[in-house]
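A.B. asks: Please arrange chain X on chain Y, whose structure you already have, making use of the hints.
Each chain, letter by letter, is given below.
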Amino acid sequence: MFYREAGDFKTSYPEDGQTFPIKLDRFGFFAVLFIGFAVIPFVINDYWVNSVFLPFLIYAIAAIGLNILVGYCGQVSLGTGGFMAVGAYACYKFMTGLDIWIGGVQYALPPINIFLSVILAGLVTAFVGVLFGLPSLRIKGFYLAVATLAAQFFLVWLFNKWAWAYNYSASGQISAPERSIFGMNVTGANADPWVAYLFCLVFLAGLAFMARNLTRGSMGRKWMAIRDMDIAAEIIGVDPLKAKLSAFAVSSFFIGISGALFFSVYLGAVEVGEVFGINKSFLVLFMVIIGGLGSIFGAFAGAAFLVLLPVFLKNTLVGGLGWPTDLAAHLEFMIVGGLIITFLVLEPHGLAQLWRIIKEKLRLWPFPH
Amino acid sequence: MPEQLLWGMEVFMNGLMAGVLYALVALGFVLIFKASGIFNFSQGVMALFAALTLVGIMEGRVPFSHLINAVFGTSVHHFGWNVPAFAAILLTMVVMVALAWMVNRFIFRHLVGQEPIILFMATIGLAYFLEGFGDIMWGSDIKKLDVGLPQGINGFIDEITFNLLGYGFFIDNLDLWATFIAVLLVIALVMFAQYSKHGRAMRAVADDHQAALSVGINLNFIWVMVWSLAGFVALVAGIMWGTKSGVQFSLSLIALKALPVLMLGGFTSIPGAIVGGLIIGVGEKLFEFIVGPMVGGATENWFAYVLALIFLVFRPQGLFGEKIIERV
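Going line by line, the protein sequences match chains Y and X.
So that you can map any letter, position 190 of the first sequence is 190 in the numbering used here, and since no number is skipped, the others follow by simple counting.
Just add 369 to the spot in the second sequence (first one is 1) and you have the numbering used here.
Calculated directly from the structure, the hints in this document are not laboratory data.
Wrong hints could be hidden among the right ones.
Stated by the list, open to error - Taking lysine-lysine and the DSBU-like style, the derived pairs with C-alpha atoms no more than 35 Å apart in a straight line are:
#: 1; chain 1: X; residue 1: 613; chain 2: Y; residue 2: 161
#: 2; chain 1: X; residue 1: 512; chain 2: X; residue 2: 692
#: 3; chain 1: X; residue 1: 613; chain 2: X; residue 2: 512
#: 4; chain 1: Y; residue 1: 140; chain 2: Y; residue 2: 161
#: 5; chain 1: Y; residue 1: 242; chain 2: X; residue 2: 403
#: 6; chain 1: X; residue 1: 403; chain 2: Y; residue 2: 140
#: 7; chain 1: Y; residue 1: 242; chain 2: X; residue 2: 692
#: 8; chain 1: Y; residue 1: 314; chain 2: Y; residue 2: 361
#: 9; chain 1: Y; residue 1: 140; chain 2: X; residue 2: 692
#: 10; chain 1: X; residue 1: 692; chain 2: Y; residue 2: 314
#: 11; chain 1: X; residue 1: 692; chain 2: Y; residue 2: 161
#: 12; chain 1: X; residue 1: 403; chain 2: Y; residue 2: 161
#: 13; chain 1: Y; residue 1: 314; chain 2: X; residue 2: 512
Given the structure is predicted, the values throughout are model-derived calculations rather than measurements.
Just chain Y, with the same shape it has in the complex (with noise of 0.2 Å):
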């Protein structure tokens, strides 16, 4: 691995401290900056941006999101759908106006922006995030695994039981209203697909920058830290209690705010049992195993593999070869499992690793050194 290339000197610290030392490589992210905000928007359809693009960009928030819990913390947590139900039905409520009954008197808030409700949605999933990784600091291992669980299960059975969750709907469902920002509307039947995807983006890209930064810096640090050896991380003054819980508080605000978005502008209805099961969460585990652990670079190279394989999929067998839909959806399920037992054999450290060797690779072909 190498962070510097021959001939490219630093003359000061805050150049030498760059998110992106090479040039190259930051070259290549303003450029998919610019494609990604200033040239698809004007290129895509309703088809891509509902079956590749709103999935992949809001799969890759929850994926940066579990990743520092599991990739940069070392706590691995089986309970990501239930914190993205939490965003959801968080988002819900701020969306419609949050009502308190004291007394038998129903006091209600005026609906809040919807920009503003995810990103309080992402609150909310924060501090239910930290109440479940109380026990964290006791359990390790594949018991704290198993115990995320727990998180899981309970908070999917209480969404479905508790009626003040969906405004006391009929069905139990929670659906997002008509939803606007700056005039355009961004949830709801007619929002525009290019606005949904805008809307995503922005919350992926400041998001990812924040993962990114917060990595780098001192608390990055002693996440790694409690990852790597907790005991010896201790000892050298790394509190255990500040470190696992804000690793879960940032874990779950960003996979809060990608079940908001999962909920108000993919989805835009949700039946929480259906939706945010476990299957969620073994789904986003496997964007952040294939990735890469431990890298902001893998939860979207694992997110984008995962959205793209199963359409992929059913383009090839189901609209190519004419087969059954029931067949190719378990012959998906085969062929991802089977995927990442090969990903683990050859490379344990993702497709962010596969990546990096390619780079480098590159970097010095046609020669051996």
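C.D. replies: Structure of chain X alone, referenced to chain Y:
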């Protein structure tokens, strides 16, 4: 005696029986974890796969018929014969051993020395693979499994309790059989691990791979053996659950229920798996009976996990787990 109390007792009994079935699945986890340090998430799917294979063989289904039909445009589905239950169980066991060999050969041999969490992820991958594979091989419809175990209310217990208490307890024959078989299985496994040559080798491998290798134990053989044993336990669990509620996808979810059982009992303890299973089984049934109606029911979905979570906060290694000693 008040009616509520009698019902509660009946719920308690049924909880015990359900607990035995959880313990059966948990047992498979413990076996593999002890011998190879792998936390085998795919145990539940292995049970599903075993049950699917058993039904498929018994009914003489053509494997991959769905796939063959889709690719070649044919319409094969059954061979047209039925295999007796006993022979089918033996054949399924052969399949499970083959599966164990392949799992070891193609996955875990390449992952020796990796961190436990990587191994855990690999078993999740295996679970997904097997789930898809089982469905493609045998079709995803809900299948009835009947290997000749008695089912339905046990008249004897019903009669005795009716005479004694004036209220007949409903206990399923199948649950009684499951309990009986589980007890036999546990005794057999403990005897095997303690007194047989291969059992000792297995424990040696569990203690220290390298030391075991250096005294001449064939690691590959032991690992295949352990996975085969887990496959056998999965088969037994698959038969029990399959007979009880049909062979279907939800069978693999019992694996998730076995996880809190393991946490309660400790990952490394066979008695722990049993006791944990009983506590979870009784606990969730009683909780649903007493608290369930107040909060809208369906508490069985999460009670086991929350109980295990609270329990672990006070005793992180579980009831019978080895004390966790941490060193820098």
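A.B. asks: Run every hint past the structure and note whether it holds.
C.D. replies: Evaluation of the provided hints:
no., hint, result
1, 613(X) x 161(Y), "holds, 28 Å"
2, 512(X) x 692(X), "violated, 43 Å"
3, 613(X) x 512(X), "holds, 11 Å"
4, 140(Y) x 161(Y), "holds, 31 Å"
5, 242(Y) x 403(X), "holds, 34 Å"
6, 403(X) x 140(Y), "holds, 18 Å"
7, 242(Y) x 692(X), "holds, 26 Å"
8, 314(Y) x 361(Y), "holds, 34 Å"
9, 140(Y) x 692(X), "holds, 13 Å"
10, 692(X) x 314(Y), "violated, 49 Å"
11, 692(X) x 161(Y), "violated, 39 Å"
12, 403(X) x 161(Y), "violated, 40 Å"
13, 314(Y) x 512(X), "holds, 27 Å"
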